[in-house]
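2 protein chains.
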Amino acid sequence: MNIEPTLSIRVPCRDFVGQYIANRYKTTVCPNDETDPTRMLLELCVDGFYVAPGQVHTDLFKRGMCCNYGPLGVELKKNLLEQWWSSIKRSRTQVFGISTLTTGDEKSGEGNPSLDVERLNQLLDADEFNKAQRTQRILMLLRQSTSLRTNLLQGALEQYISWLELVKRRLPFGLAETGLSFQPDGSGSRAEATYASLVWFCSPRSSSQWLDHWARLRLQWWRKFALAPSEFSSRDVQVDELQEGASRGVKIVYSFPWGQETLENLWSLGDSDLLQTHGGVRAKIQCFDGQKLVVPHVISVVSNMDRSMMAYMHNSLQLMKKHDGKQKLYRRKVLKLHPVLAPVKVALDMGRGATLEQRQVCDGLLQEFLDAGISAWPGSIDITSSAEKLNTKYDEMGVLFTMVIDENTLESGVLQVRSRDTTIRESKHISEVKGFLLRYMRAAHNM
Amino acid sequence: MNIEPTLSIRVPCRDFVGQYIANRYKTTVCPNDETDPTRMLLELCVDGFYVAPGQVHTDLFKRGMCCNYGPLGVELKKNLLEQWWSSIKRSRTQVFGISTLTTGDEKSGEGNPSLDVERLNQLLDADEFNKAQRTQRILMLLRQSTSLRTNLLQGALEQYISWLELVKRRLPFGLAETGLSFQPDGSGSRAEATYASLVWFCSPRSSSQWLDHWARLRLQWWRKFALAPSEFSSRDVQVDELQEGASRGVKIVYSFPWGQETLENLWSLGDSDLLQTHGGVRAKIQCFDGQKLVVPHVISVVSNMDRSMMAYMHNSLQLMKKHDGKQKLYRRKVLKLHPVLAPVKVALDMGRGATLEQRQVCDGLLQEFLDAGISAWPGSIDITSSAEKLNTKYDEMGVLFTMVIDENTLESGVLQVRSRDTTIRESKHISEVKGFLLRYMRAAHNM
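Taken in order, these protein sequences are the chains called A and B. Using UniProt numbering, read the first sequence as starting at 1 and increasing by one per residue. Using UniProt numbering, read the second sequence as starting at 1 and increasing by one per residue.
Hint data in this document are derived by calculation from the structure and do not stem from the laboratory. Incorrect hints may appear among the rest.
Here are a few chain B residues that sit away from chain A, every Cβ distance over 10 Å (derived from the structure) [claimed, not checked]: (1) R39; (2) R216; (3) S247; (4) K251; (5) K389; (6) N408.
Derived DSS-like pairs (lysine-lysine); straight-line CA-CA distance at most 25 Å [stated by the list, open to error]: (7) B/K224 / B/K62; (8) B/K434 / A/K89; (9) A/K434 / B/K434; (10) A/K168 / B/K389; (11) A/K89 / B/K393.
FRET-style restraints, in silico, Cβ to Cβ [unchecked claim]: (12) B/K224 / A/D59: 41 to 47 Å; (13) A/G54 / B/E432: 50 to 56 Å; (14) A/F129 / B/D36: 52 to 58 Å; (15) B/Q360 / A/Q238: 39 to 45 Å; (16) B/Q367 / A/T355: 50 to 56 Å; (17) B/Q367 / A/Q238: 36 to 42 Å; (18) B/L166 / A/T422: 24 to 30 Å; (19) B/Y330 / A/L164: 26 to 32 Å; (20) A/E357 / B/Q360: 56 to 62 Å; (21) B/E426 / A/I424: 45 to 51 Å; (22) A/Q209 / B/E426: 40 to 46 Å; (23) A/E357 / B/D240: 47 to 53 Å; (24) B/Q291 / A/P257: 46 to 52 Å; (25) A/Q209 / B/K389: 31 to 37 Å.
Just so we're clear, the structure is a prediction, and the values are computed from it rather than from any experiment. The beta-carbon is built from N, C-alpha and C at its ideal position, and this holds for glycine as well.
Please work from the sequences and hints to get the whole structure.
Below, the structure written as structure tokens:
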């Protein structure tokens, strides 16, 4: 059996786990790949327990929307949101988290504030419709009218005043929020997606520099976890594409097989939205910018976290040609997600025909990993598959390490540790493996 | 200045930070407290930046619903959800996370599946209403009809089949999910709350033992983070209170000043909901229970995480009488949240009239803490308040430690560390403080 690397990117190794991490970048691309890459990616999402089976879910996921996620999808999203959150918090001390309601309108307390009552009355009065048409139109109106938020920006603008006391009315500062928001889709129903939003309030004098600052920082962040960083890129938004009210904009996009899609929008919004939200009362919203009282300018930085899951999955999926003993060629799919993002860090296996003692050692070690905060996969749920089949499965799931507890482990305390990225097996003593994984994860965090 | 403890509970100290942790339990209750405890709690939520200002938010929060949260509320909820998640995952290896849509109906793909079209037609046909009445009734119908989920159970029951392959059709296993769900409230609009749900599929033979198992484990969990654990209690649900389809139930309740409220419901639901969800096709949903193929029984364990935030805030709020220099009596409010839950672990202050050098040291240390994953508060945003006033504020926010970087720090590298729970100040070298906090947090996690 041999694996043929055809493209190799070297990265500097800083520590003892450098050998593993560098190997993430040994990339093999199958040149004559007849499979549709989009279909393969979506199949992998389902096979690897990222996305629930069913066309409706893979369709939603491909469109950058929330779908029903499986155990690995849930963990990947959690890891991504955690990284986003800590990066935003660490980038500036004046960033504060908030959370606002997804439903309702706090001013009126009504459930459907945007429901157009006038429109409804017109429909009820109109003579040109028969009964069925009228019912249809009313239903359509309802689906369009919504009490569900369509962005996170508006909530932050409304909450701006509440947190002025906290920052002693001093610029700049930011309000960060992650959560669902809801977009009406073509059919009149609504699709949900998870967004991560930073609304940054700054001096009008420096708003353009701040936009550049955040665009630079954010692109760095996206690329930090990428296997092929160049697939993530940023570009200035043309004047005719600008969101209403925006004077400048930057997009961070990802090159999917079917074209570029936007992962993140950065807008320089001026002060008009903030003024409008607070009824134009300048005195209420003014802040010190170090020199004088000003109405701040608003920079909005918002990422679609569902689409970013797919971007990282696509970015880290590698196809490798592999020959088995009989020189039969087949393809190995490996999801080389960044160690920090990988939903499962280690899978624990026992092999077929495991004894009760093996199972006990396996369960004990699993518990030790979970207690240490290491996301571990209970291989003991599948005791019928061969080791080879399990490794193929774990590679598709993006599991960093596989450990096998065999009969030998019971005698000598030594187990086999296989790395996803190198496919190399090493023997380690059972007392060392937790420490090894913790050091590995610490190094990966500092990469 | 002296603080009079009137009630002291001792806990075993296991390590070097035991002294700090034990002091969390030195409780002083003011006996003649004329302030309404509910009002005081809600005021504290706003003053401590947990809940956004405004009656509408404190009202929602008191009712155990989502409201607009401030920076500390966001962190507290995150910490709570993280603890719930890791506890559920650690408790059993066969627990898998899922996430399901909050909107829509996956079968029909419609936005408003539950909208009662027949009812709408009746309203359109009815002669007994005038125009205004008809519009009103239609609006009411809309608000009642919803495409938003009202619980997390149904999603897990629907997803059950998708994850059978994952567990090789072997019982028991569980599907865990956290997220928003939406309850119609009295006014016809909808209130949202964050729930954490475990749906446990098990053999019919052992479902009653599993209910007891989870009820015991969950109560332990609630009490683990409590200052006064006895305020959290569990009780069997009476037959007339049982949820439809449930054969048994257990409630975990908290004693608020205004009465008991339910934090968590545990239901033993039999197999009827699962059968109904899958059209009664037994062959599709059967699993091995170790002996034979059975239709599993369902245990539902669901907690309201918004209400649990309030429970822990109430549980950890302590009032202490304090005399100032002139023997004037005033009350000190301290939010002694468990170190694991406390949203801010350390606040960094500089005192009034800080030099540029002090600020640089302060910012550097703050960055060091944030990089190490320690939630730190930038005291530099408030440089006008006195140290005494800041400490009062930090106690209300539940900040574990306050560190002051003064002129002396620049010369000797020594800073003052004040503990929330002991109010004792200690000198520590700046090179030690990060290690101290990390050891403290590790010990708190293992408590």
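Here is what the structure says about each hint:
1. R39: holds (19 Å)
2. R216: Check passes; 18 Å lies beyond 10 Å.
3. S247: holds (28 Å)
4. K251: About 27 Å separates B/K251 from the closest Cβ of chain A, which puts it past 10 Å; holds.
5. K389: Given a closest Cβ separation of 13 Å, the condition holds.
6. N408: holds (23 Å)
7. B/K224 / B/K62: Given pair B/K224, B/K62 holds - Cα atoms ~23 Å apart, limit 25 Å.
8. B/K434 / A/K89: holds (18 Å)
9. A/K434 / B/K434: Roughly 23 Å between the alpha carbons, so the hint for A/K434 and B/K434 holds.
10. A/K168 / B/K389: Cα-Cα ~15 Å, so holds.
11. A/K89 / B/K393: OK: A/K89 and B/K393 at ~22 Å, within 25 Å.
12. B/K224 / A/D59: 41 to 47 Å: The hint (41 to 47 Å, Cβ to Cβ) holds, given that B/K224 and A/D59 are roughly 42 Å apart.
13. A/G54 / B/E432: 50 to 56 Å: holds (55 Å)
14. A/F129 / B/D36: 52 to 58 Å: Once the Cβ atoms are compared, 56 Å apart, the range 52 to 58 Å for B/D36 and A/F129 holds.
15. B/Q360 / A/Q238: 39 to 45 Å: With a Cβ separation near 41 Å, B/Q360 and A/Q238 satisfy 39 to 45 Å, so the hint holds.
16. B/Q367 / A/T355: 50 to 56 Å: holds (52 Å)
17. B/Q367 / A/Q238: 36 to 42 Å: holds (37 Å)
18. B/L166 / A/T422: 24 to 30 Å: Check passed, 27 Å falls within 24 to 30 Å.
19. B/Y330 / A/L164: 26 to 32 Å: Holds, at about 28 Å.
20. A/E357 / B/Q360: 56 to 62 Å: For B/Q360 against A/E357, whose Cβ atoms are near 59 Å apart, the range 56 to 62 Å holds.
21. B/E426 / A/I424: 45 to 51 Å: holds (49 Å)
22. A/Q209 / B/E426: 40 to 46 Å: Cβ of A/Q209 to Cβ of B/E426: about 42 Å, so the range 40 to 46 Å holds.
23. A/E357 / B/D240: 47 to 53 Å: holds (50 Å)
24. B/Q291 / A/P257: 46 to 52 Å: For B/Q291 and A/P257 the Cβ distance comes to about 48 Å; the hint holds.
25. A/Q209 / B/K389: 31 to 37 Å: Once the Cβ atoms are compared, 35 Å apart, the range 31 to 37 Å for B/K389 and A/Q209 holds.
In summary, the structure agrees with every hint in the numbered list given earlier.
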